[in-house]
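**Q** Chain residues, written in single-letter form:
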Amino acid sequence: MAGLSPSERRLQKELMSLMKEPPPGVVVDVDLAEQNILQWIIQMEGVSGTLYEGEQFQLQFKFSRKYPFDSPEVTFIGANIPVHPHVYSNGHICLSILTDDWSPALSVQSVCLSIVSMLSSCKEKKRPPDNAFYVKTCNKNPKKTKWWYHDDSV
Amino acid sequence: MKMADKSESSTNSDTPTNQDELILAQQRKIQQEISDTIPLVGPLDQISSLESEYSTDTIYLAKIKDLSSKYKSIRRTRPDGNCFFRAFGYAYIEKLLDDKEQFSLFYDLVEKSKNSLVALGFPQFTVEDFYDTFMEVLKRINDIDDASDAKKELHNLFNEQGYSDYMVVYLRLLTSGQLQKEQIFYSFFIDGERTVADFCHQEVEPMYKESDHIHIMGACSVLLTGVRVVYMDRGGNTSVTEHNIPQDRLTPDVYLLYRPGHYDILYL
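Chains V and H supply the protein sequences, listed in that same order.
Every letter in the first sequence is one number past the one before it in my numbering, and letter 10, counting from 1, is 10.
Every letter in the second sequence is one number past the one before it in my numbering, and letter 136, counting from 1, is 290.
Please note that a few of the clues may not be correct.
[Unchecked claim] Pulled a few chain V residues facing chain H out of the computed Cβ check, cut under 8 Å:
(1) 6
(2) 7
(3) 10
(4) 54
(5) 101
(6) 137
(7) 139
If you are wondering where the hints come from, they were derived from the structure by calculation, not from laboratory data.
Everything numeric in this text was worked out from a predicted model, so none of it was measured.
Glycine is no exception: its CB is placed at the ideal position from the N, C-alpha and C atoms.
Please construct the entire structure, taking both the sequences and the accompanying hints into account.
**A** Quick look at the structure:
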């Protein structure tokens, strides 16, 4: 894979691995990712036995040239944004590994697993308490929000 | 994993001006200024070069005098939160280049480390990238016969972000692995209710997180080496304080100057 930048090389590797061994209920749109390796769409199924059973979600991953040193920008997109205390109605997700606790040893796959687990452990479907205000004032890029992480239980 | 609610900073603002963006833009500007002006690892300087940073501070000036009676020179590192790992990695490998036998023991140790990390549950797939780069650097400098040429190459590679940051990540992963392997022991050094694994995910593995005593213990332990940390702060007396890590190792391989929030390399 000569001629690729380190971030592109790493993303190619991740794409191959996600195609071959995807976590259950997770499917990456390979054609789109191959057209533009810096922007992926991933389909995610609600896990059976959880509040999201039978639902389909779409996640968008955007990568910078500094990936994996910079975290990916991850948002829910499309018609069905999961109703969850850490997911805003514009698709922004409050999850510490997407900003403060990101490490270059994490991957698209580990982000997907964290999001699946965040959804699966939810006990009540509701939006974050400050949803209306946040959605009105936030930047389009969730990484430009200074998140305040304090709740481990949901 | 932690999850949460939104920052209060934007909920408190009366207008839709986005405070978060202003704060983050300011942080980026400061980081940019630092990376424009300070190399990842600098040249050798005399200890007295520290004086210009503290021209009117009599406590620090007295301590610099004490420091220069014990150490010959200093090598500054960029204050980007990775300074301990960068300084430690650089200084230890530089020292090993004076002793081919020690270097090859270190080489073998690192060569075997990937499998230990994978056995501890680190994903092979991401660990590999950082391991491969670390090994590539060791090979490249090992192939140079003349020690001073090898040191020049080490200096160049540690100043190339593409190599330097990969080295830092791998050292962070090795340290995290060690803390988790000996988690009962290290849990006594962690405040609050965090587990050793949580601590590693939040404070050791991510880039730019500053290092503490526990990081140094883990790094020394996994690479079978010792560090002497020389503390210089505004506290009471006129001499600097020295600590060996691990405590019972009296002849360290690496000497680091610690000023609150930052590590540089010292030379005898």
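**Q** For which of the previously enumerated hints does the structure constitute a violation, in increasing order of number?
**A** Result: hints 2 and 4 break, sorted rising.
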